[in-house]
Every structure is written in structure tokens, then in C-alpha cells.
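**Q** Sequence:
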Amino acid sequence: MKVLFLNLDFKTAIDKLKLQNSKFDIIFMDPPYYKNMFIEAIEKIDNSNLLNEDGIIVVEHDTNDLFPDKICKLEKTRDKKYGNTTLTFYKMEA
Numbered sequence: 306m307k308v309l310f311l312n313l314d315f316k317t318a319i320d321k322l323k324l325q326n327s328k329f330d331i332i333f334m335d336p337p338y339y340k341n342m343f344i345e346a347i348e349k350i351d352n353s354n355l356l357n358e359d360g361i362i363v364v365e366h367d368t369n370d371l372f373p374d375k376i377c378k379l380e381k382t383r384d385k386k387y388g389n390t391t392l393t394f395y396k397m398e399a
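Under this note's numbering, the residues of the sequence shown are numbered 306 to 399, in order.
Calculated from the structure, these hints are not laboratory results.
Since the structure is predicted, the reported quantities are computational estimates derived from the model, not experimental observations.
Watch out, some of these pointers could steer you wrong.
[As the list claims (entries may be wrong)] Cut-off 25 Å, straight-line C-alpha distance, at most; resulting in silico cross-link-like pairs (DSS-like, lysine-lysine): (1) K385 x K349; (2) K375 x K307; (3) K323 x K381.
Start from the sequences and build out the full structure, keeping to the hints where you can.
**A** Pasting the structure below:
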């Protein structure tokens, strides 16, 4: 298993990974709470083809944030709540 951590803003990170033709099984996002960057980031990931066909995107966010059931070609599969924090899971639509 290969793990890659990037401490960059998401636009720079996605552009860099796209240039490297990178593909991932799991993409974990922990954007700053209350900044509402998650939809733009997921759209950019989808448009950059960084996610493998069976891959998932996991977004950590405040429980009060509402996430759409679908973003681009990605469908929300579940939410897992931990107090004030929620993990929302997306995968490519079938």
C-alpha cells in the first residue's frame, strides 16, 4: 500500500497529481471547516480523473454541513457521524 500526504492547497495538489497521471483508490479530504470548498474540490478531482474506477472519496466536515447526493459522476454512499464531525463517502456512479 502506497500513501501520499500533500500539505498543499487543493488546486495546486490536484494540478500536480494530474500532471503525474496519478490515480488513487482512496482520497481523504479534510478541508477547513466553514469554508465550503468541498464541492469545488470534488468537482476538480472528478474532472482530473484522479480516482480509480472503484475508488472512494472521503470528506471530513462539520456535522451541520449538508452534502449533495451527487457531485459530477460521484454518488454519496454514506455518512458516518462522530459527534460534531462527519465523514461523507462518495464513489463513482454505477
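**Q** Checking against the hints above, which ones are violated?
**A** Hint 2 contradicted; others consistent.
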